Amino acid sequence: MKRNFISKLIIFAFAFAVAVAAARDARAAATIVIQNNDAAGVGFNDPTPAAPVGGNNGTTVGEQRRNAFQFAANLWGATIRSDVPITIAASWASLPCTSTTATLGSAGSQGIFRDFTGAPVAGTWYSAALANALAGRDLNPSQPEITAQFNSNLGNPGCLDGTHFYLGLDNRHGSDTDLVTVLLHEFAHGLGFQSFTNGSTGAQSSGFPSIYDRFLFDNTTGKLWPQMTNGERAASAVNDGHLVWNGAAVTGDGRGVLGSARVRVNSPAGIAGSYVANTADFGPPLSAGGTTAAVVQALDPSDANGAATTDGCTALTNPSAVSGKIAIIDRGTCTFVTKVKNAQNAGAVGVIIANSSSGVFGGLGGSDATINIPAVMVTFDNGNTIKGQLGAGVNATLLFDNSVPSGVDAQGRPQLYAPATFSSGSSVSHFDTVLFPNQLMEPNISGDLIHSVAVPADLTGSELRDVGWAFNPVGDANFFVRQHYLDFLNREPDSAGLGFWRDDVLGCGTDKACVDVKRVNVSAAFFLSIEFQQTGNLVYKMYKAGFGNLAGKPVAVQRAAFLADTRQIQSSPAQLIVGQGNWQAQLEANKQAFALAFVQRPAFQAAHAGQGAASYVDSLFANTGVTFSAAERQAAINAFGAGGAAGQAAALRSVAESNSVSTKTSNEAFVLMQYFGYLQRDPDSGPDADFTGYNFWLSKLNQFNGDYIAAEMVKAFITSTEYSDRFGSRL
Amino acid sequence: MKKSKRVSQGRPAVRRGRAFRAGLFACALLVAGIATAAATYASRGAQPRPAATAAQDEAQRLADQLEGNKATEGLVQQKHGDGTVEVDLQGRFQNVTMAKRNDDGTVSAACVDTPEAAGDFLRGRAQTETVVGAGVKGKAASRQ
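These protein sequence lines are chains Z and D, in that order.
Just so you know, the first sequence maps onto residues 1 to 731 in the numbering used here.
Just so you know, the second sequence maps onto residues 732 to 875 in the numbering used here.
A portion of the hints provided could be inaccurate.
Stated by the list, open to error - If we take Cβ atoms under 7 Å as the criterion, some of the chain D residues that face chain Z in the derived model are:
| # | residue |
| --- | --- |
| 1 | L793 |
| 2 | Q796 |
| 3 | E798 |
| 4 | K810 |
| 5 | G814 |
| 6 | V816 |
| 7 | N826 |
| 8 | A830 |
| 9 | N833 |
| 10 | A840 |
| 11 | C842 |
| 12 | L853 |
| 13 | R854 |
| 14 | R874 |
In short, the hints are calculated from the structure, not lab data.
Bear in mind the structure is a predicted one, so any value in this text is a computation, not a measurement.
Note that the Cβ used here is the ideal one computed from N, Cα and C, for glycine as well.
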């Protein structure tokens, strides 16, 4: 009885510890308050009825504006830490505009502070929000930290006629301006992505540099801005291509964010190599893994749409040759969209546009939401090189190549915007426009930004880390989802999957309770997905059937072995991506290959060599500890067939994939993957000396019949400090 | 504390901001009316301005709202009892997003903080522009 009490006490203590760990909500790291400064009936209080749009369920224009502001504020608030609420004094007004131009809005820090208690660097200006966060108190409670004002007339006659702010929260802004993206950009300035030095004169505010300035490095002079004279700073502000960000976080993270579009020719050897490419405004973005296929010349009739038979301006005449291949098409006569759509209709998986001799080598402009294959342009000369070898068979990959980052200097430091074309007054408070992919803090706010402020999409959060913010990307939906691909599926996400799950979280809008639920469900979906259940979970069950639990432990495999084997079954003989191509056949091929290799390992043979069909199958079921059906036993014996490695592999799969084993091991595998996936460790390692924690969660999950939501298991792990500590500052 | 701050301090800040912008706008109108736009532009040491058009004048007027945005003159350092030094930026150092319709009907946007940068953007001399709206990944993209 006493022992039972102590046991309960231990469990209670553990549960309490978990609860405490979970109590610090990684998604409420900073509270950003939108202070409505508008008068009744206007701006945020505009009572004009509005239909819900893109997840913004406000019923008036004013409410939708408030929702968009709060949504953007929450995206930032989920990734930075401040114990002091950040107030953004915001309003709408009739800002200057014409029928073709407009001031969309503005934002900035209300004030700056230096030499406060807790200031990391003396004699240095910090924006108000950052200063408060570092000081741990509100240094001027009578003032907001950031001010913002936006144009209430945008889209009306006389004010960029017809182009409105898109007030939806889902980024599907079409030809309108996405307000959330603009707000994310402007709020970042207010949070500290900004110099307070006059770039025209080089004069520092009251003679002191801002913390931002301390990371501005001119690689021509070899000086940081605080080391320069006013004249040197003014010159540096227009030293195009040579003013770079000298912060460790940005430089380090930049390697995983920045890259270049490339056509990598894999064969023939004579022209193999990486070719510069420009991307398209339409279709999916290039992925790191790329699209690989044979390259085929697309052919179309010489007709009124285009005299050339290689311009792709009409439905292709060689669809059977193009299907499943990368089509190469000459530039000219018709739009890029037309060419790519014709190739897509013929079954092409990608398109290379070969530039014409006279055409400017740029991006492929245009818009067509129905295009779902990637397209790039190569130079005239490179196009000829590729076309000249088509007879020999060209195989190529269209990819985003991280190994060739754009817009960085030799040390990997990203360039800042310092265009020499501006004789004075150019802003240094942006990344350069040459960075690829587009970054939130480039001066040109691009339409393809994805409401992400963190890696691997964006370096803005990294910059905030450099200037002193406690920043953790795990609060960023894009980062969060991508990390699950890495932790559970051991691959980079496909763009469609990433977008789907990211949008599922972002679809909650300003409803934080909804965000909490969605994050849990999205997270659990990765364990429950076909791709993981049929690979990682199958590996676990094969260990369970093959060997039973590890000696003295309630689980069948340690993480190191599990991880290696899961990577193997997911990627060999070819990478599995459920939903792409003939993934079912690929999955079966991978499972067969892995099972065959698994049973031939010495450890497996030591346990099962020489067993006949019945004894072999019985020993596998015995290892799992399940009560199996006669039909399941017979199915495994039948699969064993004539025996040998092939028979052992088939029978092992039959047992491991049986309903009885799957049901029996479901909860234990689910709990184990919390440790393997989220915490990247074994349950009895790190802060845990034994399986007390594992047993607690298994008991709880069993208690709730596998309902991870009711058991609050996934929630506890993804909001734990141990999980968030993997990625950044404790929030 | 924050709550009272929002209620009691919000309005003055807004009035100050509006007055500042209104003043700038009035100044811009005054400048446009009295002096030639070309002279105004040349006085900032920028590139020679092409023949002024009505649209360019309008663009210049938008750009002029940023005059003095990064000036530090008149900003006062306040020293707190604990050694903290504060400067109220008085609405300066604002980052302003501007937009314009391009010849092909697309819309470009850029964040600027000086009248020169704003003018260059609005008159189409910025080096690279990216379209807001139709989902642009490339830069300086053409349609065919």
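Can you name, in rising order, the numbers of the hints this structure does not satisfy? Violated hints (numbers, rising): 3, 4, 9, 13; every other hint is consistent with the structure.
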